[in-house]
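**Q** The chain contents come next:
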Amino acid sequence: NAGVMQNPRHLVRRRGQEARLRCSPMKGHSHVYWYRQLPEEGLKFMVYLQKENIIDESGMPKERFSAEFPKEGPSILRIQQVVRGDSAAYFCASSPIKLATSTDTQYFGPGTRLTVL
Amino acid sequence: GIQVEQSPPDLILQEGANSTLRCNFSDSVNNLQWFHQNPWGQLINLFYIPSGTKQNGRLSATTVATERYSLLYISSSQTTDSGVYFCAVLNHNNAGNMLTFGGGTRLMVKP
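Line by line, the protein sequences are chains X and G.
Every letter in the first sequence is one number past the one before it in this note's numbering, and letter 32, counting from 1, is 32.
If you want this note's numbering, it's the 1-based position in the second sequence plus 117.
It is worth saying that the hints were derived from the structure and are not from the lab.
Please note that a few of the clues may not be correct.
[To be verified] Calculated lysine-lysine pairs in the DSBU-like style (CA-CA distance at most 35 Å, straight line):
| no. | chain 1 | residue 1 | chain 2 | residue 2 |
| --- | --- | --- | --- | --- |
| 1 | G | 227 | G | 171 |
| 2 | X | 44 | G | 171 |
| 3 | X | 51 | G | 227 |
| 4 | X | 71 | X | 27 |
| 5 | X | 62 | X | 51 |
| 6 | G | 171 | X | 62 |
| 7 | X | 27 | X | 62 |
| 8 | G | 171 | X | 27 |
| 9 | X | 51 | X | 71 |
| 10 | X | 27 | X | 44 |
| 11 | X | 27 | X | 51 |
| 12 | X | 44 | X | 62 |
Using the sequences provided together with the hints, build the complete structure.
**A** Right, here's the structure in full:
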């Protein structure tokens with residue numbers, strides 16, 4: 001059973017370009033979470049999605065960032081017009097059901113390291 | 118929101134030594150996980166432990182939910198234990214389902 005997959009593992013963009021990060025959850029998981037880790041810091045929640053729905057985007061910057069989890073295919077985190085401060089590791093996690101009502105855990109992918117030049 | 122604090126922030130050990138890492142949280146939780154982030158940046162699940170004690174090889178963890186803290190014990194440390202250890206919690210009032218991470222303990226084990 002493959003784990004959470006993220007690609008690309010490393011992404012380099014120049015200021016002003018767009019970055020697209022992909023996440024395929026574990027088989028059977030319908031809940032996806034995105035977290036950002038700035039250098040030398042812990043992970044911070046960005047957004048929580050189920051298939052075709054954004055459930056909680058309270059951690060997403062208001063501008064330039066968007067996320068989707070379509071009916072078919074991976075979840076996408078999109079950053080438009082990237083700036084140097086967007087350089088970070090972006091982690092995706094998945095779970096089979098809503099964690100607040102279960103005893104399951106979130107399973108994390110290997111992360112995408114974004115560098116903005 | 119819930120606050121998660123980890124101590125110590127940095128720790129240097131000689132190979133073979135034992136250590137205890139602490140995680141304090143400010144509210145009741147129904148999910149607590151310990152992770153190891155290795156020097157290559159990968160996050161590895163160590164324990165899911167909202168309460169009680171668990172052991173896995175040289176690692177063990179204890180969470181005392183009523184007193185709002187968790188401890189991670191590393192015995193007979195090895196250089197491969199180096200990296201950052203995070204605890205993360207999900208609390209009862211969090212309808213959004215996200216984990217809140219502590220700032221981590223950065224561990225270096227010297228040969």
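**Q** Can you give the numbers of the hints that this structure goes against, from lowest to highest?
**A** 3 and 6
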